[in-house]
Structure formats: structure tokens, C-alpha cells
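Enquirer: Sequence:
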Amino acid sequence: MTVTFSLITDTFLTQTNLLNILRQSAPLMIVAVAMTFVITTAGIDLSVGSVLALVNALAAISLQAGLAWPLVIVLMLGVGIAIGLIQGFFIAYEGIPAFIVTLAGLSSIRGTALLLTKGYSIPIDPQSPFNAIGRGWVFGLPMPAIIAVVVLAAGFLVFNETTFGRYVTGIGANAEAVRRAGV
Numbered sequence: 368m369t370v371t372f373s374l375i376t377d378t379f380l381t382q383t384n385l386l387n388i389l390r391q392s393a394p395l396m397i398v399a400v401a402m403t404f405v406i407t408t409a410g411i412d413l414s415v416g417s418v419l420a421l422v423n424a425l426a427a428i429s430l431q432a433g434l435a436w437p438l439v440i441v442l443m444l445g446v447g448i449a450i451g452l453i454q455g456f457f458i459a460y461e462g463i464p465a466f467i468v469t470l471a472g473l474s475s476i477r478g479t480a481l482l483l484t485k486g487y488s489i490p491i492d493p494q495s496p497f498n499a500i501g502r503g504w505v506f507g508l509p510m511p512a513i514i515a516v517v518v519l520a521a522g523f524l525v526f527n528e529t530t531f532g533r534y535v536t537g538i539g540a541n542a543e544a545v546r547r548a549g550v
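First residue of the sequence shown: 368, per my numbering; consecutive thereafter.
It is possible that some hints are incorrect.
Stated by the list, open to error - Simulated restraints, written as ranges between beta carbons of each label pair:
no.	residue 1	residue 2	range
1	521	449	20 to 26 Å
2	453	539	20 to 26 Å
3	463	395	23 to 29 Å
4	492	466	36 to 42 Å
5	434	524	27 to 33 Å
6	372	402	24 to 30 Å
7	467	402	35 to 41 Å
8	377	453	47 to 53 Å
Don't read these hints as lab results, they were simulated from the structure.
From the three backbone atoms N, C-alpha and C, an ideal C-beta is built for every residue, glycine too.
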């Protein structure tokens, strides 16, 4: 695709366009890191996009209500973790297949996000420091790209250099062998 687009337009390989592509793909890179752990365990999470939508809706509502942006970030991480723990409980302890649990989560969580926002975008004050997270630039690089690179590096290290990462890989390769090994 890169070759095709660079041949049919003279603006594709410009620094501005490449930085814009990097900025726009950063959220997907961050989600991909998390999904790597899920997929490696031979699992599936269909609700990840809906969780992202709900967390973003709640963040915008919280910022509009006047909560400090660092608190909003911590609270939204908590919301995402709570949703993951609830779904994980049904998968791990109730024995419901991940496909079913996360499909139900996809619908109910997306519905909750739509209910909260009434289907409209919620504006965030352009002067808010929170805006810099998605639109800011540091050393000529988009802030979302920097965050994505940090998350990618952390995910790589956790996956390849920690006991947890080995357990994740082991569970995906042979869950019964890992269970019998006492993990």
C-alpha cells in the first residue's frame, strides 16, 4: 500500500502525513498491545472497542463536570480494569466462553456509552491539559505516538521478560500443562 500511495500522490511520504498516520494509529497500537495478551492465551475479547467507547464517554462527562484530568485518567483506568475483572470472572470462574461474555459486553457496554452520550460527541475544553494527551506534540512528535511507543515497549518487556509473560504464553500453548505445573 505504501508503494501504491506514494506513486499515485506526491504528498503520501511527506513528514506531515507520516506523523499524522502515526498519531491516528496510536490508539490502535495501544489496544493491540493489550489484545496480544488476550489472543496469546487463546482467548478473545469482542468488547474492547465498546469498553474504549464507554471509558472515553465517561472521561468526557467527568471533565465537563469539572474533575481534574489526572483524577479522570485514574478513574477511567479503574473503570476499564473493573469491566475486565467482571468479564474475567464470568469466563474464569463461571465457565462461560469468552466469546459469549465479551459479545454480551460488546452490546451492553456500547449501549451504556450511547445512553450516556445520547449518541452525540461530548466537547472537552480545548484549553484543558487533557487535550494535550491526544493532540499535543513533544519534540516534534505527536503525544499519542509517544504514549503508544511507551506502551509498546512496556508490553514487549512484560510479555518477553517477565514470569507473567511466560505464563501467558504457556497458557496459550497448553493450558493443561501449565495447570499441572502448578501455575
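Enquirer: All hints, please: hold or fail.
Expert: Results of checking the hints against the structure:
no., hint, verdict
1, 521 with 449: 20 to 26 Å, "holds (21 Å)"
2, 453 with 539: 20 to 26 Å, "holds (22 Å)"
3, 463 with 395: 23 to 29 Å, "holds (28 Å)"
4, 492 with 466: 36 to 42 Å, "holds (40 Å)"
5, 434 with 524: 27 to 33 Å, "holds (32 Å)"
6, 372 with 402: 24 to 30 Å, "holds (26 Å)"
7, 467 with 402: 35 to 41 Å, "violated (18 Å)"
8, 377 with 453: 47 to 53 Å, "holds (51 Å)"
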